[in-house]
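First to last, the sequence lines map onto chains R and F.
Each residue of the first sequence is one higher than the last, beginning at 0 in numbering that gives the first Met the number 0.
Each residue of the second sequence is one higher than the last, beginning at 0 in numbering that gives the first Met the number 0.
Don't take each hint at face value.
[Claimed, not checked] In the DSSO-like style, the derived pairs of lysine-lysine whose C-alpha atoms are separated by at most 30 Å in a straight line are:
id, chain 1, residue 1, chain 2, residue 2
1, R, Lys-125, R, Lys-65
2, R, Lys-153, F, Lys-146
3, F, Lys-132, R, Lys-248
4, R, Lys-51, R, Lys-40
5, F, Lys-120, R, Lys-154
What the hints contain is simulated information worked out from the structure, not anything from laboratory work.
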Amino acid sequence: MLDRILLSINKLPAFPATVQRVTELLKNEDYSVNEIVAVIKFDQAVTANVLKISNSAYFGVRQKIKTIHDAVVYLGQQHLIRAIQTASISKFFTNKGYGDKVSELWEHSVAVALMSQILSRHMYQKENSVLYTAALLHDVGKLVMGEYVQDASKKIFELVNNHAYSFLEAEEEIVGINHADLGGRIAEYWNFPAEIRDAIALHHRPNIIDLEGNPLISLIYLSDQFCLTMGIDGGMDGLAHRGFSEVTKKFQLREADIEKCMLLLLEQLKQANELLGIVDK
Amino acid sequence: MADLVVGISDLKCSGQQSDVIITYALGSCIAVVVYDPMARVGGMLHFMLPDSTLDKNKAAAAPGMFADTGVPLLFKSCYQLGAEKKRLIVKIAGGASILNDADYFRIGQKNITAMRKIFWKNNVLIKAEDTGKNCNRTVKLQLADGKCFVRSSGGAVEEL
């Protein structure tokens, strides 16, 4: 089974180059709007979705965005990259993963991405686009694993319910690999930088490597746990994941902080309807 | 038949026999289900956090967010449809936790405790309860007969 799963990574479509090209262009302070528009327009699937989500209250633009030109002008660097990321990544969400509906895993992924920015602002007083990308992709392994895990769900739940396994440990035992690890391999296949790859691969095991090394890992781990707790879990694994209190201690998060972050997420999810809506129900 | 869907921090009540009230994906949140078999009026609350002192403004805007503001509103809303306190049957589900969360992320446990305290203080008995563990749950209430069903992640549908 494991061989088949690993082989199916190579059948995934390549990651759209649009994101990287736009990010490169935006690095130049006096970037040309027309040049960026040209790159985005080239990718029609992404264009349609960028337009849909640009008008989301989440991005807070007052003007009505009707064209890609408007989007480049009004969204600003950070939000433009984020809109393109969201539009590109949503294209891969075409199966149910571990859930009952295609939209469930996407909603979870968007919620974790929004939460990652709430936490980043709380701890570092700024947002972080690399973190946003990694968060949106953290469960990408479930898209490939979904089928196998749905088939093996009886055996997996037997271990979770009666033998004190976490869902991740049960995946390893029954399927031969866990969804986080598999996600890391997909990120590698797509040539994502190591910090994104590791953040995906270790999002349930932030204890494995030095927490100081790559803060993305702990931030995505926490964002994920927050969303699981709120019931925005996108699949059958529910809350059957291990908690590591050293992470909350490291960030000095008190219970009231955690609860306030949850309230913020609830508010932002309402503003982000357009982001949630670009994947088929 | 109409499905009334209760979102996070929301509550719905009905006296329509054909209605089904449903809430999806309770993690640490809790669904409080009430039903008056005489008036055939029922309701459901899906609260997220135990205590409204965290954010008074948000609690005023969305009382269903917290146990201490949501539960009274649920009862009052059912009274308006003809339910009576002494006849209301109360069932609760949810309040799950992450594995080994002894010293943090105790929201599931805190929710369970806060809610029990509210009912105890108000002399209301909880008829049935499916709380704790680490699964998420979907809860359904049929107004026609007051039957309440819970589906846990990885489990079958069971009557509560």
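message = So if I understand the rule, the pair passes when the alpha-carbon distance is 30 Å or less; does Lys-120 of chain F with Lys-154 of chain R pass?
response = Not OK: Lys-120 of chain F and Lys-154 of chain R at ~43 Å, beyond 30 Å, violated.
Handout entry: 30 Å Cα cutoff - pair Lys-153 of chain R, Lys-146 of chain F
Key = Roughly 27 Å separates the two Cα atoms, so the pair holds.
Given pair status - Lys-65 of chain R, Lys-125 of chain R, alpha carbons within 30 Å = holds, 29 Å
key: Hint consistency between Lys-132 of chain F and Lys-248 of chain R [alpha-carbon to alpha-carbon, up to 30 Å]   = holds, 24 Å
Has the given pair, Lys-51 of chain R with Lys-40 of chain R, been kept, meaning a C-alpha gap of at most 30 Å? holds, 14 Å
The structure fails to meet hint 5 from the earlier list, while all remaining hints are met.
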